[in-house]
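Please model the entire structure based on the sequences and the hints provided.
Quick note, the sequences are listed as chains A and B, same order. Position 96 of the first sequence, counted from 1, bears residue number 96 in our numbering, the numbering being contiguous throughout. Position 55 of the second sequence, counted from 1, bears residue number 55 in our numbering, the numbering being contiguous throughout.
Treat the hints as calculated values from the structure; they're not laboratory data. Here the structure is a predicted model, which means the values were calculated and not measured. Among the hints, erroneous ones may be present.
Cβ-to-Cβ under 10 Å is the rule here; a few derived chain A residues that face chain B [what the hints assert, rightly or not]:
no. : residue
1   : Ala23
2   : Leu25
3   : Gly30
4   : Lys32
5   : Thr43
6   : Leu95
The list that follows gives simulated cross-link-like pairs (lysine-lysine, DSSO-like), each with its CA atoms no further than 27 Å apart [to be verified]:
no. : chain 1 : residue 1 : chain 2 : residue 2
7   : B       : Lys67     : B       : Lys52
8   : B       : Lys191    : A       : Lys73
9   : A       : Lys67     : A       : Lys32
10  : A       : Lys72     : B       : Lys191
11  : A       : Lys67     : B       : Lys52
12  : B       : Lys67     : A       : Lys32
13  : B       : Lys191    : B       : Lys52
14  : A       : Lys72     : A       : Lys32
15  : B       : Lys52     : A       : Lys73
16  : A       : Lys67     : A       : Lys8
17  : A       : Lys72     : B       : Lys67
All C-beta atoms in this analysis are idealised placements derived from N, C-alpha and C, irrespective of residue type, glycine included.
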Amino acid sequence: MDERIIQKITRLDRVIHEPARLAILMVLLGVKEADFPFIARITGLTRGNLSVHLSRLEQAGYVEIHKTFVGKKPRTVVRLTDAGQRALDRYRAVLRSLTDPGEG
Amino acid sequence: MPRTEQPLYEARAAWWEDGIPETLSGLTLIILGSLGWAWSHMEGTPTGSLLKILWALVLLGSILLLKPLMFHLKARWSWDRTGYSLPRRELDLPSVLMILGAMGSVILAVLSLHPLVQSTGIALFVVLLMGSLYRYARLVRFLGYAVLAGTLSLVAGLTGMPPAWNVHLTLAILGGGFLLSGVSRLFRVLKIREHPHG
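Okay, structure coming up:
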């Protein structure tokens with residue numbers, strides 16, 4: 001395999017390079033904010049699984065988790081942070097350069 | 001990267017899945033289309049003037065009230081069943097160009113004196129507006145609306161229908177499509193069991 005390709009693969013962000021976490025970030029990229037049931041439904045993850053992955057993303061500073069109210073009902077709302085947005089952009093750029101030899 | 005982009009489009013499309021935005025927009029378009037249709041038939045009469053004022057009031061009311069009403073209904077009926085999300089309003093360059101093109105088409109239709117240019121302008125407006133919604137969330141039914149309303153508008157123009165009637169008929173038919181689709185989606189969502197909280 002081309003050495004440059006191997007270097008690109010090793011540069012991939014390991015926090016994002018996990019299918020469940022990538023799916024969560026892509027959902028959050030499409031919305032300003034979303035709650036647990038919404039993210040679980042779109043990604044197909046169980047609540048327990050989602051909770052673990054969100055904690056990992058929160059530790060990395062890629063998402064913010066807030067307890068809030070929508071109407072009179074409590075919600076755990078998740079948002080993509082600017083750092084998360086930048087990390088996701090970088091990750092997608094590397095992936096694109098791997099699939100499209102003309103880029104990167 | 002079509003597979004990694006899929007959750008992005010699903011998250012964006014979720015805003016329309018409960019049918020509330022389509023139902024409210026559909027009702028507004030039907031009312032505006034019907035009032036406009038009646039007004040363009042009675043132009044120059046006192047009833048026509050009254051209908052024109054009513055049309056403007058409905059338009060203003062919909063601009064001011066549609067969004068808060070949509071949020072209220074979503075909070076009441078939808079978010080406890082489907083989960084809560086707020087859409088991001090960022091548009092890419094092609095979508096911005098499509099919206100600008102739609103606005104340009106309306107201006108072209110209004111300024112032109114040629115019936116075919118007028119009806120083409122109206123058809124282009126609907127097609128570009130629906131096309132930009134399709135690009136945003138990849139919802140195929142918006143392409144259906146575009147084809148339906150665009151074809152109708154062109155046919156109406158070719159058969160010599162006055163542009164004012166054409167606009168209102170196109171709006172009303174588009175509204176009918178929105179309403180049918182929206183109500184059927186809303187009923188489907190209301191059958192889902194509520195979850196306690198998110």
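Which earlier hints turn out false for this structure, listed by number in ascending order? As far as the earlier hints go, 11, 13, 15, 16 are violated by this structure, in ascending order.
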